[in-house]
Structures are given as C-alpha cells and as structure tokens.
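Asks: Going line by line, the protein sequences match chains R and V.
So in the numbering used here, spot 46 of the first sequence is number 46, and the numbers just go up one at a time.
So in the numbering used here, spot 71 of the second sequence is number 71, and the numbers just go up one at a time.
Warning: the hint list may mix true and false statements.
A few chain R residues facing chain V, derived, Cβ under 7 Å [unchecked claim]:
1. S31
2. F74
3. R98
4. G100
5. S105
6. G106
7. V112
Once the Cα atoms are required to be at most 25 Å apart in a straight line, the calculated DSS-like pairs of lysine-lysine come out as [what the hints assert, rightly or not]:
8. R:K78 <-> V:K99
9. R:K24 <-> V:K68
10. V:K42 <-> V:K99
11. R:K68 <-> R:K78
12. V:K99 <-> R:K96
Read the hints as simulated data drawn from the structure, not as lab findings.
For clarity, every value in this text was computed on a predicted model and none was experimentally measured.
Backbone N, C-alpha and C fix where the C-beta goes; we use that ideal spot for every residue, glycine too.
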Amino acid sequence: DAGVIQSPRHEVTEMGQEVTLRCKLISGHNSLFWYRQTMMRGLELLIYFNNNVPIDDSGMPEDRFSAKMPNASFSTLKIQPSEPRDSAVYFCASSKDRGGYTFGSGTRLTVV
Amino acid sequence: KQEVTQIPAALSVPEGENLVLNCSFTDSAIYNLQWFRQDPGKGLTSLLLIQSSQREQTSGRLNASLDKSSGRSTLYIAASQPGDSATYLCTVVNFGNEKLTFGTGTRLTIIP
Numbered sequence: 001d002a003g004v005i006q007s008p009r010h011e012v013t014e015m016g017q018e019v020t021l022r023c024k025l026i027s028g029h030n031s032l033f034w035y036r037q038t039m040m041r042g043l044e045l046l047i048y049f050n051n052n053v054p055i056d057d058s059g060m061p062e063d064r065f066s067a068k069m070p071n072a073s074f075s076t077l078k079i080q081p082s083e084p085r086d087s088a089v090y091f092c093a094s095s096k097d098r099g100g101y102t103f104g105s106g107t108r109l110t111v112v
Numbered sequence: 001k002q003e004v005t006q007i008p009a010a011l012s013v014p015e016g017e018n019l020v021l022n023c024s025f026t027d028s029a030i031y032n033l034q035w036f037r038q039d040p041g042k043g044l045t046s047l048l049l050i051q052s053s054q055r056e057q058t059s060g061r062l063n064a065s066l067d068k069s070s071g072r073s074t075l076y077i078a079a080s081q082p083g084d085s086a087t088y089l090c091t092v093v094n095f096g097n098e099k100l101t102f103g104t105g106t107r108l109t110i111i112p
C-alpha cells in the first residue's frame, strides 16, 4: 500500500494566486481529513469527509478555502485567492471506520 | 470537550535508556487512542493504535498501554536510540465522533 499521497510536496505562489492541493486516500478508507499545521497554532482540522460527504467544515478559515471529494479516493483543497497568512504545512489523513489514521507527507505552502 | 495532555513537554535522555511518555485525557468515552511521532519538517507517522477494548499494544521497542478508567496512556520506549528523537503525539477519538483530539506533544531528544 502506497499510503496517503499528497501533491505537490512544496508550493510557492504569489499572493492572490489560486492554489490547489491534492490528496489520494488509501484504498478502502472512507474518511478523509484536511489539517493545517503552523508553529503558532499547531495542527488544526480544516474539514473532514465521510463516504465523500463533507461532515464538518467548521475549521475552514474563510470562504477562500474550499474542499472537494470528486470520488472515493481523491480530494482537493483549494485556496483562492491565496494570502501570505495561508503559509503552512497542509496534511491530509484517511481512515476506515475510525480504525486509526494515516497521514500523508504534507504540502508545504509558501505564499509570498 | 475532550482535552489531551502530555507530560513532559520535553525530555532529553542519554542513548540506551528506557523512557516513558505520559498522556492523559479528560473524557474516558474513547473509541481508540493512537500514538504518532513527527520528525521536524515531516508528516505524522503512526506508531501504535489501541482500541478501547484493549489494554496495550507492542511494536518492537515500543509498548503503549491504555487505562480508560483513569484516563491515561503511556508510551514506553526501550533502549532508546538517537533515531527516536522526534515529537510524540498522543491522539484520541471519542465515541460518536471521527475527529482526532491531539495531545500537547512531547519533544524527545536522545543524546548520543
């Protein structure tokens, strides 16, 4: 099993640009979680899906952030327009019926 | 609201020593407890998952215990090595929920 796969690993973009982060779940997992990690705030849950349905998006900071699961194995997190304060490491994680989480390697986003 | 606390916040020990990391949680109605490690600039790696019906799990030099009644878990690391240096995170999932509650973390340094 290749694990949870995130792309890109690093992203540097200019303020105002659209950024799309991608995540591929482990085959058979049915829950998907997006987290953001910064030194100041630690790990924050942004949104999670169960069986492709968004369950809790209360952590999404603003309307500039949106997340989708177009199918059972793939998710995107989009930021439009991006701002310097969005700079962070973004992780996705998946699980199957609360049987333990597996995290991806993360995307380090820098907005200049 | 579930709160997860880890003690100590930081620990430095000489190589070869056995050590214990502590985790306490306020709500004992947990579905499972999972220990992760995070290396600087990296993602979270799962170490051990303990279901609520279990008392302990072992993997190599690691042993994690769970005492739901007292709201505690310990992670025991035997014969520590410099490669064990990382931040260790205790996480819980409560019944009726899928979200991870993260502990405050223990930053471990093994001195060669």
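Asks: Run the distance test for K24 of chain R versus K68 of chain V: straight-line Cα separation, threshold 25 Å.
Replies: This hinted pair is violated, its Cα atoms lying about 34 Å apart.
Asks: Assess, step by step, whether the Cα of K78 of chain R is no farther than 25 Å from the Cα of K99 of chain V, and give holds or violated.
Replies: holds, 21 Å
Asks: Should the hint that R98 of chain R touches chain V count as held when the rule is a Cβ pair under 7 Å?
Replies: With Cβ-Cβ at 5 Å, under 7 Å, it holds.
Asks: Checking hints one by one. Is V112 of chain R an interface residue toward chain V, by the C-beta closer than 7 Å rule?
Replies: violated, 19 Å
Asks: Going by Cβ atoms only, is G106 of chain R closer than 7 Å to chain V?
Replies: With a closest approach of 5 Å, the G106 of chain R hint holds.
Asks: Quick one, is the F74 of chain R hint okay against chain V at 7 Å, beta carbons?
Replies: violated, 18 Å
Asks: K42 of chain V and K99 of chain V: Cα distance at most 25 Å?
Replies: Since the Cα atoms of K42 of chain V and K99 of chain V sit roughly 21 Å apart, the hinted pair holds (cutoff 25 Å).
Asks: Holds or violated: is the Cβ of S105 of chain R closer than 7 Å to a Cβ in chain V?
Replies: holds, 5 Å
Asks: Against chain V, is S31 of chain R within 7 Å by beta-carbon distance?
Replies: Where the cut-off is 7 Å and the nearest Cβ of chain V is about 6 Å from S31 of chain R, the hint holds.
Asks: Just to be careful, I want the Cα atoms of K68 of chain R and K78 of chain R compared with a cutoff of 25 Å; is the pair within it?
Replies: holds, 9 Å
Asks: For the pair supplied as a hint, K99 of chain V and K96 of chain R, is the alpha-carbon distance within the 25 Å limit?
Replies: This hinted pair holds, its Cα atoms lying about 13 Å apart.
Asks: Hey, does the G100 of chain R contact hint survive, CB to chain V under 7 Å?
Replies: holds, 4 Å
The earlier numbered hints that this structure contradicts are 2, 7 and 9.
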